[in-house]
Structures are given as C-alpha cells and as structure tokens.
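K.L.:
Letter by letter, the chains look like this.
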Amino acid sequence: MNIDSVQKGLVIDHIKAGKSMEIYKYLSLDKMDCSVAIIQNAKSRKLGKKDIIKVENNITMDLTVLGFIDPNITINVIDNGVIIKKINCGLPSEIINVVKCKNPRCITSIEQEIQHIFKLTDKENKIYRCIYCDTCYDNN
Amino acid sequence: MLKGRSLIEPMDLSVEELKEILDLADKIVDNPLEYVDACKGKILATLFYEPSTRTRLSFEAAMLRLGGAIMGFSSANSSSAAKGESVADTIRTIACYADIAAIRHPKEGAAKVAAMSTDMPVINAGDGGHQHPTQTLTDLLTIRSLKGSLDNFTIGLCGDLKFGRTVHSLIKALSRYSNIKFVLISPDELKVPEYIREDILIKNGLEFEEVERLENVISQLDVLYMTRVQRERFFNEADYIRLKDSYILDMEKLEMAKKDLIILHPLPRVNEISIEVDKDPRASYFKQAKYGMFVRMALIIKLLGVEK
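Quick mapping for you: the protein sequence lines, in order, are chains E and S. Okay, so the first sequence: first residue is 1 according to my numbering, each after it adds one. Okay, so the second sequence: first residue is 141 according to my numbering, each after it adds one.
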C-alpha cells in the first residue's frame with residue numbers, strides 16, 4: 001500500500017496495532033484542517049504489527065499525551081521531505097484533560113470547569129494519580 | 141519560607157518546616173500573652189461547606205487569640221455554593237476581603253482547587269475523606285509534647301482507616317520520622333486506601349501490620365489513635381450500622397495496655413471510647429483538642445508571615 005510521503009509535518013510511528021484511532025481522537029486530528037493518513041497493521045520488525053499516523057501540516061500540538069497512551073511511540077518531525085527531529089515519547093510526568101477522574105468523591109465530579117490533571121507517581125508500574133484526590137489511573 | 145504558602149496536605153511541609161511550626165506552637169503554649177496582637181488587622185475566612193464544631197471553632201479561636209478577625213460561613217446552604225458557585229470563584233471573591241482562608245468541603249481535592257485559584261494562603265480544614273493536615277499538626281504537637289519526640293514509637297491506628305482523613309494525613313506525616321511502627325487496626329472493609337499502603341508505607345519501607353482486633357495488639361502500643369466510624373462517609377446505612385461498634389476502647393482492653401500509652405482521638409467521638417476511659421491518665425484527647433488551637437495559631441502566624 002502506498003501513502004505519499006510527508007513533505008512537512010509529522011509521522012507518528014511505532015503505535016501499538018489498533019491504537020491509532022485512539023490517538024486520532026486524543027489529538028483531535030478530525031478537527032484539524034490538514035491531510036491525515038492512518039495506516040493500520042503495517043509490518044514491523046520490532047512489534048510484528050504496528051499503526052502509523054501521518055499528518056501533513058505545519059502544526060503545533062501537545063504530543064505529551066502520546067507517551068501516556070504508549071511510551072514506545074516515536075514521532076518524526078518532517079520538513080522538506082526529510083526527518084529533522086526524532087522524538088521518543090516516554091511517560092509524561094503530567095497529563096491534562098486526557099482522562100477523567102472516576103472517583104465520585106473527587107471535586108472534579110461536581111465542578112465541570114476544573115482541569116482533570118494526573119501526575120505520574122510510579123514510573124515502573126505506569127501509575128498516574130489525580131492531583132486532587134490521589135485516585136489512581138492505571139494505564140496498563 | 142512559609143509566608144504566603146498554602147497547606148493542603150502534610151507533605152506540603154518539610155520536616156524542618158513542621159518543626160518550625162511545632163516549635164512556635166510550644167512558645168505560644170508557654171507564653172500566649174506574647175501573641176495577642178500578632179494578627180491585628182488581619183482577617184481569617186472560615187469557609188465550611190459541611191458541618192464542623194471543633195475544627196471551625198478552633199480556627200476561629202486561634203485567630204481571635206492572635207488579635208485578628210474572622211468571617212465566613214458554616215454550611216454550604218448559607219453560601220453562594222447553594223446557587224451553584226464554584227469553589228474557584230468563591231475563593232477568588234473571598235481573597236478580595238480576607239488575608240487567609242481555612243476551607244472544609246465534602247469533596248476530595250476542593251482545598252487544592254481553592255489554593256490553585258488564588259494567591260491568598262489557603263488551609264485545608266478537611267476535604268471529604270481525603271486529607272486533614274491541621275489535625276495532623278495537632279496530632280504531631282500532642283505526641284511530641286506528651287512523648288517528648290516524634291521518633292521511636294509504635295502507633296496503633298484503629299477504626300475507620302479507609303475514610304478517616306485524619307489517619308491518612310497522620311501516616312503521611314509520620315512516614316518521615318525514624319523508627320515508627322504502624323499497627324493498622326480495622327475491619328477488612330475499612331482498611332487504609334491503597335495509595336497510603338502502596339505509596340507511603342510500602343514505598344518508604346516502613347514497618348506496618350494490618351490486624352482486625354484491637355485487644356490482640358494493644359499491649360505493644362505507645363500511641364493509640366482511635367477514630368470514629370463516620371456515618372457521612374458511607375454510601376449505605378446498613379454498612380454503617382453493621383460496623384460502627386466494631387472497635388470500642390473500654391477499661392477491659394485498656395488494662396492490657398502500657399502504663400505510658402497515650403490515647404488520641406480527633407473527636408467528636410460517638411461510642412468508640414467508653415466514657416469511663418476519660419478518667420484514665422492515658423486519655424489525652426481533650427488535651428489534644430487544646431493543642432489543636434495552639435498549633436493553628438502557629439500555622440496562621442507562619443503563613444501570614446507576621447512572626448516577630
């Protein structure tokens with residue numbers, strides 16, 4: 001299958017197979033005025049199968065969420081058809097408005113305008129906790 | 141530097157800062173008259189979205205004894221929260237009138253939201269079943285005053301350890317002192333939350349055991365911290381009735397305890413400590429209530445930066 005190579009934009013690579021639509025949603029790519037190609041189940045030496053997202057645009061977006069979804073994801077920043085920067089995501093120390101706190105006793109359950117913020121408290125076990133009530137969000 | 145800071149949970153304070161506050165509280169206990177004008181011209185707002193006698197009055201007494209003034213509300217119904225105002229908007233408005241605020245709210249994290257919304261110092265006076273740092277300061281001052289140190293003892297925490305915010309705050313604070321053993325006494329349903337067990341006790345390699353019966357462990361304790369099984373923390377009445385009498389301290393159990401045990405309780409008690417225990421010299425919970433006012437005086441002075 002051929003997808004045109006990106007001249008200027010991003011290639012989000014090494015996405016765990018089946019996770020690309022989740023990322024499409026988290027990054028709100030549907031709301032952006034640019035070409036987006038989603039490649040699912042591409043062959044990968046490292047992962048066996050992987051998803052890839054190509055975004056053609058001069059875009060700025062918060063990509064920290066990608067590390068939360070899958071810390072193995074890599075991002076290639078492309079300009080003039082060549083990779084000018086490679087970013088390995090890793091686990092972000094904080095995620096804002098990505099997931100919601102499920103604790104019914106948390107202040108975020110009654111006040112809608114509060115940002116849902118989770119901090120990484122245990123890197124080894126990928127555990128994030130709500131900064132307001134300490135409830136754990138298990139990202140495994 | 142504590143001036144201008146907020147206190148949302150015990151870990152907001154370093155061990156050195158805790159010592160600073162407790163040392164000032166000691167000075168106030170020894171010589172209260174020296175501090176009668178320390179907060180003259182300052183206003184403390186007490187924003188209590190749920191009922192409280194001790195904590196609210198203790199804060200208000202503390203400010204009044206420092207020569208400051210107080211304002212606020214004592215239930216959500218008598219504030220704009222009844223009209224749907226957010227905590228953030230309320231605190232921004234109050235910050236126009238007051239110099240410092242103490243907030244109690246039934247939802248966990250409400251005090252943090254308040255502190256994030258203003259530059260005024262905010263003190264968490266209890267946020268649901270989560271944290272209650274000024275009760276912890278009270279507990280630390282009481283233990284240090286009566287035991288002489290915050291190191292080297294075995295503390296039993298008994299009752300509702302799941303929803304008991306005073307217990308969570310106290311374990312967090314004590315986790316930074318040396319050679320403390322925690323004995324956690326509760327029914328299975330009311331054990332400490334997983335974030336306290338995993339992130340505080342296990343992560344810091346602290347010595348602790350979880351047991352079901354007070355009489356089996358009371359003889360090894362230096363400090364016994366009793367808690368109320370709180371009706372308002374239960375989703376269902378049947379569970380509350382089934383568990384509320386599980387852990388009652390009476391003279392029979394107390395006979396097995398050390399002679400220099402100190403018995404603490406954040407109060408109010410319902411029936412978890414028999415009235416007969418009040419006469420025992422080991423009962424320290426009313427002294428603890430008094431220490432609570434002194435330590436809040438010290439905290440207010442520090443956060444306002446008005447120490448001479």
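Hint data in this document are derived by calculation from the structure and do not stem from the laboratory. Note that beta-carbon positions come from the ideal geometry of N, C-alpha and C, so glycine has one too. Any given hint could turn out to be false.
What the hints assert, rightly or not - Computed, partial: chain S to chain E, Cβ under 7 angstroms:
1. H270
2. K331
3. Y335
4. V417
5. D420
6. A423
K.L.:
For which of the previously enumerated hints does the structure constitute a violation, in increasing order of number?
P.N.:
Per hint list: 2, 4, 5 and 6 violated.
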